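Visitor: Protein chains in written order, with numbering that gives the first Met the number 0: chain E, 0 to 303; chain G, 0 to 268.
Check each hint, because a few of them may be wrong.
[To be verified] The calculated EDC-like cross-link candidates involving lysine to aspartate or glutamate, where the alpha carbons are at most 20 Å apart (straight line), are:
1) E:94 / G:55
2) G:267 / E:287
3) E:254 / G:55
4) E:75 / G:259
5) E:102 / G:259
6) G:90 / E:110
7) E:141 / E:110
8) G:133 / E:84
9) E:78 / G:49
10) E:78 / G:119
11) E:78 / G:55
12) E:94 / G:78
13) G:267 / E:282
14) G:132 / E:110
15) G:267 / E:290
Rather than coming from a laboratory, the hints here were simulated on the basis of the structure.
Just so it is clear, the structure is predicted and the values come from calculations on it, not from any experiment.
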Amino acid sequence: MSSNKTIEMKLPSKRQKNAVQNVSNRMLVTPGDVITEDTIYMKGHGTYGTNIEGDKRVIASVAGVVEPINKLICVKPLKTRYNGEVGDVIVGRIKDVQQKRWKVETNSRLDSVLHLSSVNLRGGELRRRSAADEFAMREYLKEGDLISAEIQQVHADGSLSLHTRSLRYGKLGQGCCVVVSPSLIKRRKNHMHNLSCGVSIILGNNGYVWISPLVKTATDSEAGDGGFDFDKEPVTADDRETICRVRNAILCLAKHSVMLYDTSVQYAYDKSLDYEAKHLLSDDVASEIVDRTLMEIDLLKGNA
Amino acid sequence: MPADTRRLATPDVSLDPLLYSKKSNFVVLSDDGLRNDGRGESDLRDMFIECGLVSEATGSAYCEIGTTKVICSVHGPKDMEQKEDFQMIGKIRCEFKFAPFSCKKRKEHIPSNEENELSEILTQTLRSVVCLKKFPKSQIEIHVLVLDNGGSALAAGFMAASLALANASIDTFDIITACTIRVIGKEIYVVDPDENEEQLTNLSKDGEAVDNGLVTVAVLPTLNQVSAMMSSGVLSCDVLSDAMNLCVTSAQSRYMTMRECLTNMIKKM
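In isolation and in its complexed conformation, chain G is listed as follows:
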């Protein structure tokens, strides 16, 4: 990984304060079936979305799910920089970045492997959603910045990106809604996990390694198509398909909020 030589490095003797924090026994579901924030197993958190915040960008959107805060800005369509990529369809460049202060552990300014992978996933998803044939020889740049990672950051990023594209009046086939599910054993599917539920490994009661993972699905609601599916962890086939179906239905329920946000945006113009 390339090292950042231009910024001042932390002193060599400094240690992460999290090393000294008390390890608490984190239990996902209490005895009466509720999670730590009082939600049921398949309850989604409330979402707040707003368009048109970044004045410098062609289009922009801000998405807040629980404590997760994501902002997306879109630039373009503009002339392609290098002339080698002469094509009659447009090009999309995406960047998915966590702000250094967004996660429990400080992120570097140079994109890490995880951020590069998420950028690639975002590019592939948006390539299937934007009508690229209408932008020959042009490129569109999309930047997603996670200001606070409270779980489901990728899902929030998908939704913010599609709203920012609509704000920029770039032709798309549909808007994207997305949802994340944490699978803990064969029985427990935790919808829209928060930070702890997403990242802590080994939450199952009997400590089994199989059927412990994270599934994120992005859906095109009116066309009823899946545009992105990402899963990590060890999941058996039937568990994975159940998790995917649950993800798709949860993502569909986000559609009305996003549509209302866009119609308010049109009325304000």
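Isolated chain E (complex conformation):
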């Protein structure tokens, strides 16, 4: 049985490249470039100094754009790993199940750790973790599961300790995960939103965004049991299409380096209703939607 499906392809030379942003007035550096020799500047991320007596040069160690923040000189590189702060909401994937803890992959330099003592037990009991709990770890979270958690502690080497000690966090059920750069997620008070288009999203600070159908329970949680059982009810076709559209809209925004927060995602979704969900992935449609979204955001800022 043959089906007539059209596939869109574009030669690399014909693809519309992202317009060169106004980098002409900013300094582009490569590793080894001397940024300044002035002694008043301090060295930030992406720079280093030779520790030779009398040598006060600030030298770049990554390829990127120089960002001077008052007297501190940083170089913003192309790709950043997620640097955690205490209190950030993240979405991560279980990589390994070890004795009394799970290793979680969170797009950071080192894997994060979720201790058995940092999760809620079934039924919300408060008791000491026994050996039986250790054996039952895999029944709760196993390799490949997605969780939402909060950062409890940042260790000296940069590794993160997570906790899911609230009904809002826990194992994630049916939905879609989108990976974007961590630098695009604004740090705000609330990272879990119910969008008016009919989906709920979790904007993880580490760049993982989770889109799922609207939570049906009255409380804020994804599953009312502290994340043990997720909603196994089948998701309707309309909900699936909405989720797909939101995912593609987020990818459009990420491609053009637009900051992601609930308003920008909502506007991008509204502007994308003119097109079919799958067409959002092509470059021309994406840039048009992003332009219109940015105009709407400017309007909002103008009115505020």
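Mind docking chain G on chain E? Use the hints.
Guide: Below, chain G without anything else, positioned relative to chain E:
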């Protein structure tokens, strides 16, 4: 050397076709001082470099010098696999591999002694260039694959590796530029040799064994430091130092091309 028992071996009666090829008298420099491809003795070949080709890798770079084609992919920084190597500085693992179809003689899939040595040299060089103090308990993996060996593959590998590290936004002290020189007798220093000039032995006119060798130098251009020096063959001290100086100046001239490639990469983001 370990044998590869999993892949089908060639039939026992097969012979290398190169055995039947006509042996031509290869002359490095013609009477008017030009090499076989029309270059002068100290002329470098044109270089093409591009970053960000391998989507699966954290960073990647492709380097083409003449007919030599090298691709490098970088993975990391990621968690260390074994817990015995607990250190507050990061670890680098490099692999330098020739693709089976890259050289005149087919290379095996299992790394040979030469490839292991080149991997070790690459590891030592990159260890001096990457800011390992910024990656405690992490490891970075660098894989260099030579798709076509047209001479100076190691030099191209150094440059591709440093560009791939910059593409992956891993902190380094500088970018690496490298160059190879073939020494034939006391007078002739052939810069950026191609495949024939690099591998054919005994090219000197009087057949002398001394002062016949290959020197590769990797340089950190802005810091003006040498990060790798490899020489093979029999070279007397003054010849070796002359070859090294010539290598350093030739490597410095590669810097502008590499810097332009990196700034284009930043502008595209």
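Visitor: Take the C-alpha atoms of residue 78 (chain E) and residue 119 (chain G), compute the straight-line distance between them, and say whether it is at most 20 Å.
Guide: With a Cα-Cα distance of about 28 Å, the restraint between residue 78 (chain E) and residue 119 (chain G) is violated, given a limit of 20 Å.
Visitor: Quickly compare the C-alpha distance for residue 75 (chain E) and residue 259 (chain G) to 20 Å and report which way the hint goes.
Guide: With a Cα-Cα distance of about 18 Å, the restraint between residue 75 (chain E) and residue 259 (chain G) holds, given a limit of 20 Å.
Visitor: Run the distance test for residue 254 (chain E) versus residue 55 (chain G): straight-line Cα separation, threshold 20 Å.
Guide: holds, 17 Å
Visitor: Would you check the hint for residue 90 (chain G) and residue 110 (chain E), treating anything up to 20 Å between C-alpha atoms as holding?
Guide: Holds. Residue 90 (chain G) to residue 110 (chain E) sits at ~16 Å (cutoff 20 Å).
Visitor: Is the straight-line distance between the alpha-carbon of residue 132 (chain G) and that of residue 110 (chain E) 20 Å or less?
Guide: holds, 18 Å
Visitor: Could you grab the alpha-carbon distance between residue 102 (chain E) and residue 259 (chain G) and see if it respects the 20 Å cut-off?
Guide: violated, 41 Å
Visitor: Is it true that the CA of residue 94 (chain E) sits at most 20 Å from the CA of residue 55 (chain G)?
Guide: holds, 18 Å
Visitor: Between residue 133 (chain G) and residue 84 (chain E), is the straight-line Cα distance small enough, at 20 Å or below?
Guide: holds, 18 Å
Visitor: Has the given pair, residue 78 (chain E) with residue 55 (chain G), been kept, meaning a C-alpha gap of at most 20 Å?
Guide: It holds: about 14 Å lies between the C-alpha atoms, which stays within 20 Å.
Visitor: Measure nothing beyond the straight line between the CA atoms of residue 94 (chain E) and residue 78 (chain G); if it is 20 Å or shorter, mark the hint as holding.
Guide: Holds, at about 11 Å.
Visitor: Just to be careful, I want the Cα atoms of residue 78 (chain E) and residue 49 (chain G) compared with a cutoff of 20 Å; is the pair within it?
Guide: With Cα atoms ~17 Å apart, residue 78 (chain E) and residue 49 (chain G) stay inside 20 Å; holds.
Visitor: Below or equal to 20 Å on CA atoms is what counts here, so check residue 267 (chain G) against residue 282 (chain E).
Guide: holds, 15 Å
When held up to the earlier numbered hints, the structure conflicts with 5 and 10 and fits the remainder.
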